[in-house]
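From first to last, the protein sequence lines stand for chains A and B. So that you can map any letter, position 198 of the first sequence is 198 in my numbering, and since no number is skipped, the others follow by simple counting. So that you can map any letter, position 125 of the second sequence is 125 in my numbering, and since no number is skipped, the others follow by simple counting.
Any given hint could turn out to be false.
Chain A regions said to be covered by chain B (calculated; three or more residues, Cβ under 8 angstroms) [said to hold, decoys possible]:
id, region
1, 44-51
2, 108-114
3, 128-134
4, 153-162
These aren't lab readings, by the way, just hints derived from the structure by calculation. Glycine included, every Cβ here is placed at the ideal spot set by N, Cα and C.
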Amino acid sequence: MEKTVYIRLRHRVQVHPNDCITVSKIAQIVAAQPLRDRIGNLQIYKVQSSDKNIVVIDVMRVLSEVHKTDPEIDVQAVGPAQAIVEIVYDRRTYSSALFALVWLLLFVGAALAIMNFHEDVSMQLVHKRLYTIITGRTSEHPLLLQIPYSIGLGLGMILFFNHLFKKRINEEPSPLEVEMFNYQLDMDMYVAMKENKESMKKIDDH
Amino acid sequence: MMTINILIAIFMGLAGGLAVGSGFVAFLTVLGIIPRLTQLTKTVALIQAYEWAIVTGALTGGWVSLRDTKLYLSELILVPIGLINGIFIGMLAAALTEVLNVFPILAKRIGIADKIVILLMAIVFGKVAGSLFHWLYFVYQ
Numbered sequence: 001m002e003k004t005v006y007i008r009l010r011h012r013v014q015v016h017p018n019d020c021i022t023v024s025k026i027a028q029i030v031a032a033q034p035l036r037d038r039i040g041n042l043q044i045y046k047v048q049s050s051d052k053n054i055v056v057i058d059v060m061r062v063l064s065e066v067h068k069t070d071p072e073i074d075v076q077a078v079g080p081a082q083a084i085v086e087i088v089y090d091r092r093t094y095s096s097a098l099f100a101l102v103w104l105l106l107f108v109g110a111a112l113a114i115m116n117f118h119e120d121v122s123m124q125l126v127h128k129r130l131y132t133i134i135t136g137r138t139s140e141h142p143l144l145l146q147i148p149y150s151i152g153l154g155l156g157m158i159l160f161f162n163h164l165f166k167k168r169i170n171e172e173p174s175p176l177e178v179e180m181f182n183y184q185l186d187m188d189m190y191v192a193m194k195e196n197k198e199s200m201k202k203i204d205d206h
Numbered sequence: 001m002m003t004i005n006i007l008i009a010i011f012m013g014l015a016g017g018l019a020v021g022s023g024f025v026a027f028l029t030v031l032g033i034i035p036r037l038t039q040l041t042k043t044v045a046l047i048q049a050y051e052w053a054i055v056t057g058a059l060t061g062g063w064v065s066l067r068d069t070k071l072y073l074s075e076l077i078l079v080p081i082g083l084i085n086g087i088f089i090g091m092l093a094a095a096l097t098e099v100l101n102v103f104p105i106l107a108k109r110i111g112i113a114d115k116i117v118i119l120l121m122a123i124v125f126g127k128v129a130g131s132l133f134h135w136l137y138f139v140y141q
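Next comes chain A alone, as it looks inside the complex (with noise of 0.2 angstroms):
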């Protein structure tokens, strides 16, 4: 009985190029202790220069390699099927004018966006009839109405998505984040089957 190990592949891994991927550094592991670490440090995978960012490693390639070393030994396999990897060169710095050019594309298209949209709903027109309605008088330019309209528009988005220039309202994710978790979790799970070659067999494939 001494001999059954309970290994747990992890979600996503780092590594540095030309790393080797042992158990333990993709893998939580429970075992009696020298069988820990000897399963520990038994090594799955060499990252080489071909790959690109993300080797997938399936829980059977894991198992194969622990039933080499000793076949006696019992793995119970829990938790997700396949780890990710990914590989991480050295981090990509972005140029200062690319970014400036990715926030103004997105200020003035915010911008154009929103005076479509009053244009689309007629807005002005509602503006001045809710003038009308509230005052009594008519005005072509509403601007006491249409001012605080403009900067009330800011803080909405900023209440909406949680962020006071950095500072949080409250502890709660935003939508944005929980947006970005969804993106990163589909692309994980695209990855895990498409880069999986196990996971997938066509019939050409022998």
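Knowing the structure of chain A, use the given hints to seat chain B on it.
Just chain B, lined up with the frame of chain A:
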């Protein structure tokens, strides 16, 4: 004959209102602004009161826009109304999934996940600047 016409008009008005009203609520629900506000203010228990706020707000808006109501109030009341109106539209704009979907991809593609708040501010300032430009210059053209 007259009675039938009136009945048909009542029925059509009711049907049109039903369609627009349910569409309006569905729109708000899809964007998830009310859950977001309750999450921010920790008032999930009061969600029914918020539903009534939406319903009575829509009814009031419908009434004053369809009738020639004039309230003869001070101009200064327009300032808070404008601000609240802006916050509401701002939340609508922020909730539109286009904005939410663009950011993760942008952040991934050009590797600026840590600078995402600054990009967010680009959109916020863009909206404010675009809106001010629209009211202070564009409509005069």
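Hint check results:
no.	hint	result
1	44-51	violated (count 0)
2	108-114	holds (count 7)
3	128-134	holds (count 6)
4	153-162	holds (count 10)
The structure does not agree with numbered hint 1 stated previously, though it agrees with all others.
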